[in-house]
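Visitor: Reminder that position 198 of the sequence shown reads as 198 in the UniProt record's numbering, one-by-one numbering, no gaps.
Treat the hints with caution; some may be incorrect.
What follows is a set of in silico ranges between Cβ atoms, one per label pair, in the way DEER data are often shown [stated by the list, open to error]: (1) Met278 with Gln26: 51 to 59 angstroms; (2) Met278 with Thr43: 34 to 42 angstroms; (3) Leu24 with Ala54: 18 to 26 angstroms; (4) Lys317 with Asp168: 26 to 34 angstroms; (5) Tyr50 with Gly260: 47 to 55 angstroms; (6) Gly47 with Glu258: 48 to 56 angstroms; (7) Thr291 with Glu240: 28 to 36 angstroms; (8) Glu258 with Lys326: 27 to 35 angstroms; (9) Asn128 with Gly272: 16 to 24 angstroms; (10) Gln26 with Glu100: 38 to 46 angstroms; (11) Ser8 with Gln35: 41 to 49 angstroms; (12) Lys237 with Phe114: 39 to 47 angstroms; (13) Gly18 with Asp401: 56 to 64 angstroms; (14) His406 with Lys237: 13 to 21 angstroms.
Capping the alpha-carbon separation at 20 angstroms, the derived lysine-lysine pairs in PhoX-like fashion look like this [what the hints assert, rightly or not]: (15) Lys135 with Lys281; (16) Lys101 with Lys120; (17) Lys338 with Lys195; (18) Lys281 with Lys163; (19) Lys34 with Lys61; (20) Lys73 with Lys57; (21) Lys101 with Lys337.
Rather than coming from a laboratory, the hints here were simulated on the basis of the structure. We put the beta carbon where it would ideally sit given N, CA and C, even for glycine.
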Amino acid sequence: NVVQVINSACEECPISSGYVVTDLCQGCLAKSCKQACNFGAITVGNGRSYIDPAKCKSCGKCAEACAYSAIVKIQRPCMKSCPVGAMEMDENGVCQIDDEKCIRCGQCIHACPFGAVASKADVVDVVNAIRSGKKVVAMLAPAGEGQFGPDVTMASWRTAMKKVGFADFVEVGLGGDLTAAFEAEEWAEGFKEGKKMTTSCCPAFVNYIRKHFPEVAENISTTVSPMCAVSRMLKAKDPETVTVFVGPCIAKKSEAHEHGIEGNADYVLTFGEIRAIMRAKGVELEPEANTSQEASVYGKRFGNGGGVTEAVLECLKETGENTDIKVARCSGIAECKKALTLLKIGRLPEDFIEGMICEGGCVGGPSHHKSAQAAKKDRDKLIGEADKRGVHENLSNYDLDSFSMHR
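Start from the sequences and build out the full structure, keeping to the hints where you can.
Guide: What follows is the structure in structure tokens.
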């Protein structure tokens, strides 16, 4: 698992995870909480209710029944943040991760106030690769645009990465264009055959399907992610190239190291990890004119919730295919779960599911520099300055036959 608990750092939060009665309890005559409990866990004394933790099953019926909202559920931050219930406690109160449930989304890493949950870092491997003289290429996620202010452009990133020692820099929004173009073909074919499909570019979403909805795993698109697309393109030109993805996503580490997809990124760095390397080298992201554009605006918006759908529909439009395809645009685990449940039981009204586990898409990833809301204004400004070239127009100068776009 690329997500791990540092046992010595875990504070064993002194929180009895479960339901507790607060001072808001009015000691009401109705005793609705006691009546709602099927396990005899609630007693009344001294004018208020009490919950016996030994009997409580954490079903929440008492909290639902209380008219005064006096009963609340208290959880450890890491456990509360996990969307799939993969965080557990051992006999000493130290957190553990259930690998069978964990989808590598990284929300626990973001939530833990003590930094006791971390992802495996590729920092040393990347630095060693650069120092060895290998051709190491940095690939920046679309979500990077706007994270560091309106004046930090793709040109700013290119300059900084070259100073760090990377041989080259590529905007992964280009991979968004590649993925959109090939996924559009796959969607069109599936639509004609009556086959419902899901996107495959969010690795946490893919992990979620494989572990929690294995019945619909065959519905996952076979088109590779933008990260993999750019990595394969670079390796097709020079097989010795070492590719390094930079972004806000923890699950990308899982995609690179656990999914076993040939030609994918060799290493993955979060924004925090690349900033650490930059600081060690005395390099900063400096304001620079927005003169570098390798992706269409559709590829650039891949990091937004709904951005994949927008790009694919644009590709269908450009090629004259049917654009009446209905898509469930799912942002966050709740929406993904609902859509996948409907797909599983054969009642999904839409033709395709775009799944993003992080709220708002990749821009809301756990290792973001700024929140999606804080970065939106700057991101919109930078993308607004880009020219409006189409997806296929942008790809016309690339040899798309030199590498495969499918798993």
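Visitor: Taking each numbered hint in turn, which are not upheld by the structure, reported in ascending numerical order?
Guide: The structure breaks only hint 2.
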